[in-house]
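Enquirer: Hey, can you work out the whole structure from these sequences and the hints?
First residue of the sequence shown: 1, per UniProt numbering; consecutive thereafter.
Hints are supplied without guarantee of correctness; some may be wrong.
Unchecked claim - Taking lysine to any residue pairs in the SDA-like style, the calculated list, with each CA pair at most 25 angstroms apart, reads:
| id | residue 1 | residue 2 |
| --- | --- | --- |
| 1 | 157 | 130 |
| 2 | 78 | 152 |
| 3 | 78 | 163 |
| 4 | 78 | 102 |
| 5 | 164 | 104 |
| 6 | 117 | 100 |
| 7 | 117 | 155 |
| 8 | 108 | 148 |
| 9 | 108 | 134 |
| 10 | 93 | 149 |
| 11 | 93 | 120 |
| 12 | 78 | 157 |
| 13 | 46 | 57 |
| 14 | 209 | 196 |
| 15 | 118 | 154 |
| 16 | 93 | 112 |
| 17 | 164 | 152 |
| 18 | 114 | 77 |
Stated by the list, open to error - Now the in silico label distances, taken between C-beta atoms and shown as ranges:
| id | residue 1 | residue 2 | range |
| --- | --- | --- | --- |
| 19 | 197 | 153 | 48 to 58 angstroms |
| 20 | 201 | 163 | 34 to 44 angstroms |
| 21 | 179 | 85 | 37 to 47 angstroms |
| 22 | 105 | 129 | 29 to 39 angstroms |
| 23 | 150 | 180 | 50 to 60 angstroms |
| 24 | 178 | 101 | 45 to 55 angstroms |
None of these hints come from the bench; they were simulated from the model. Just so you know, these numbers come straight off a predicted model, no measurement behind them. Each residue gets a CB set at the ideal place from its N, CA and C atoms; glycine is no exception.
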Amino acid sequence: MLCSRGFQSSLSPLMDFYWPVRSLWPEVRPLLSQRDLLQRNLLEVKSSLDLMAKLQQHIFEELDNVPSSLTIQPVSYKLDKEGESFALTLDAKDFSPEELSVKQVGRKLKVSGKTEKKLDDGEGSYSYRCQEFRQELYLPEGVNPETVTCSLAHDGKLHIQAPKNPLSGEKEVAERVFRQELYLPEGVNPETVTCSLAHDGKLHIQAPKNPLSGEEEVAERVVPINCSLDVETPQFLTKTEGSITDTQKKQENSVSHED
Numbered sequence: 001m002l003c004s005r006g007f008q009s010s011l012s013p014l015m016d017f018y019w020p021v022r023s024l025w026p027e028v029r030p031l032l033s034q035r036d037l038l039q040r041n042l043l044e045v046k047s048s049l050d051l052m053a054k055l056q057q058h059i060f061e062e063l064d065n066v067p068s069s070l071t072i073q074p075v076s077y078k079l080d081k082e083g084e085s086f087a088l089t090l091d092a093k094d095f096s097p098e099e100l101s102v103k104q105v106g107r108k109l110k111v112s113g114k115t116e117k118k119l120d121d122g123e124g125s126y127s128y129r130c131q132e133f134r135q136e137l138y139l140p141e142g143v144n145p146e147t148v149t150c151s152l153a154h155d156g157k158l159h160i161q162a163p164k165n166p167l168s169g170e171k172e173v174a175e176r177v178f179r180q181e182l183y184l185p186e187g188v189n190p191e192t193v194t195c196s197l198a199h200d201g202k203l204h205i206q207a208p209k210n211p212l213s214g215e216e217e218v219a220e221r222v223v224p225i226n227c228s229l230d231v232e233t234p235q236f237l238t239k240t241e242g243s244i245t246d247t248q249k250k251q252e253n254s255v256s257h258e259d
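Expert: Structure, rendered in C-alpha cells:
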C-alpha cells in the first residue's frame with residue numbers, strides 16, 4: 001500500500017498537468033480520436049488529389065478540342081492579266097480593312113490578311129478561330145507599278161487593278177543617233193536639195209549643180225524627208241560626161257565627111 005501510494009504521489013503532478021484526476025483509461029480515447037482525425041484528413045487529401053487529377057485531365061481534353069491559334073488557309077481569287085488591264089480579285093469577306101495588307105516591292109505584289117474571332121457556344125465555354133492568308137505574284141509586262149490601285153467592295157471582294165501600257169508588246173531597242181556634216185560643193189543651189197528614204201533603208205540627199213556657182217551662202221534650211229515608197233533617183237549629167245559626148249559627135253561627123 002505504501003508503494004502504491006508512493007507511486008501515485010510521484011505521478012500525481014504529471015497526471016495533474018496532463019490528465020484529469022479521476023481515471024486514466026477513459027482519457028486514452030482522445031489519442032484514438034486524433035488518430036482517426038489524421039486518417040480522415042489523409043483520406044480527404046487523397047480524394048482532393050484524385051479530383052484535381054480528373055479536373056486536370058478534363059481541362060486538357062477541352063484544350064485538345066480547341067482549334068489551333070493560327071491556321072494559314074488560302075482564299076479564293078480570280079486573276080485577269082490578258083485583257084486591257086491587270087486585275088486581281090480576292091474573297092476577303094471574313095476580314096476587315098484593318099486586317100488586310102497590300103504591299104508592293106518593285107514588280108512584286110504581296111497581299112495578306114489575318115483575323116481572330118472569339119466563338120461562344122452558349123454554355124459557358126468558348127474558343128478562338130484564327131485565319132490567315134498570303135498571296136504573292138509579279139506584275140506582268142506592260143503594267144506600270146505606280147498605277148496599281150486597291151479597293152474593298154461591299155461584298156467583301158478585294159480588287160487590285162492596274163492599266164496596261166498599249167505599247168507593252170513592242171520590244172525595247174537601244175536608241176541610236178548618228179550625225180554627218182558636209183558642205184555642198186560649188187555650183188549647188190541649197191534651195192534645190194531634196195531628201196528621200198528608199199525601200200532598202202537608204203537615205204538619198206540630192207541636188208543638181210548650177211553652172212553659176214558664185215552665189216553667197218544663205219541661212220540654214222530644214223530639208224523635209226519624203227518617206228514615199230516610190231522613190232525615183234534622178235540622174236544628173238556631169239560636165240565630164242557632156243564633154244565626152246561632144247567629142248564623140250565630132251568624131252562621127254569627121255568620119256562621115258571622109259566618106
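Enquirer: Now, for every hint given, state plainly whether the structure supports it.
Expert: We went through each hint and held it up to the structure:
Taking the CA atoms of residue 157 and residue 130, the gap is near 20 angstroms; set against the 25 angstroms cutoff, the hint holds. Restraint check for residue 78 and residue 152: the C-alpha separation of about 15 angstroms stays at or below 25 angstroms, so the hint holds. Among the hinted pairs, residue 78 with residue 163 is consistent with the structure: their alpha-carbon atoms are about 17 angstroms apart, no more than 25 angstroms. Restraint check: the Cα-Cα separation between residue 78 and residue 102 comes to about 16 angstroms, which is no more than 25 angstroms; the hinted pair holds.
For the suggested pair residue 164 and residue 104, the alpha carbons sit about 17 angstroms apart, so the restraint of at most 25 angstroms is met. For the hint linking residue 117 to residue 100, the alpha-carbon distance of about 15 angstroms falls within 25 angstroms, and the restraint holds. For the proposed pair residue 117 and residue 155, the alpha carbon gap of about 20 angstroms is at most 25 angstroms, so the pair holds. Between residue 108 and residue 148 the CA atoms are separated by roughly 11 angstroms; this keeps the pair inside 25 angstroms, and the hint holds.
At roughly 13 angstroms between alpha-carbon atoms, residue 108 and residue 134 fall within 25 angstroms of each other, so this suggested pair holds. This hinted pair checks out: residue 93 and residue 149 have alpha carbons roughly 19 angstroms apart, not beyond 25 angstroms. Between residue 93 and residue 120 the alpha-carbon distance is near 21 angstroms, which keeps this suggested pair within the 25 angstroms criterion. Of the pairs offered as hints, the one joining residue 78 and residue 157 holds, with about 10 angstroms between alpha carbons and a cut-off of 25 angstroms not exceeded.
Taking the CA atoms of residue 46 and residue 57, the gap is near 17 angstroms; set against the 25 angstroms cutoff, the hint holds. About 18 angstroms separates the Cα atoms of residue 209 and residue 196, which keeps this hinted pair within 25 angstroms; it holds. With a C-alpha separation of about 24 angstroms, the suggested pairing of residue 118 with residue 154 holds against the 25 angstroms cut-off. Note on residue 93 and residue 112: the hinted pairing holds, with a Cα-Cα distance of about 13 angstroms set against a maximum of 25 angstroms.
Proposed proximity of residue 164 and residue 152 is supported: the alpha carbons are some 21 angstroms apart, at most 25 angstroms. In summary, the hint linking residue 114 to residue 77 is supported, as the alpha carbons are separated by about 16 angstroms, within the 25 angstroms threshold. As the Cβ distance of residue 197 to residue 153 is approximately 54 angstroms, the hint placing it in 48 to 58 angstroms holds. For the pair residue 201 and residue 163, the beta carbons lie near 35 angstroms from each other, so the given range of 34 to 44 angstroms is met.
For the pair residue 179 and residue 85, the supplied restraint of 37 to 47 angstroms holds, since their beta-carbon distance comes to about 41 angstroms. Between residue 105 and residue 129 the Cβ separation comes to about 31 angstroms, which falls inside the hinted range of 29 to 39 angstroms. At roughly 52 angstroms, the beta-carbon separation of residue 150 and residue 180 lies within the given 50 to 60 angstroms, and the hint holds. Distance hint check: the CB atoms of residue 178 and residue 101 are about 51 angstroms apart, consistent with the given range 45 to 55 angstroms.
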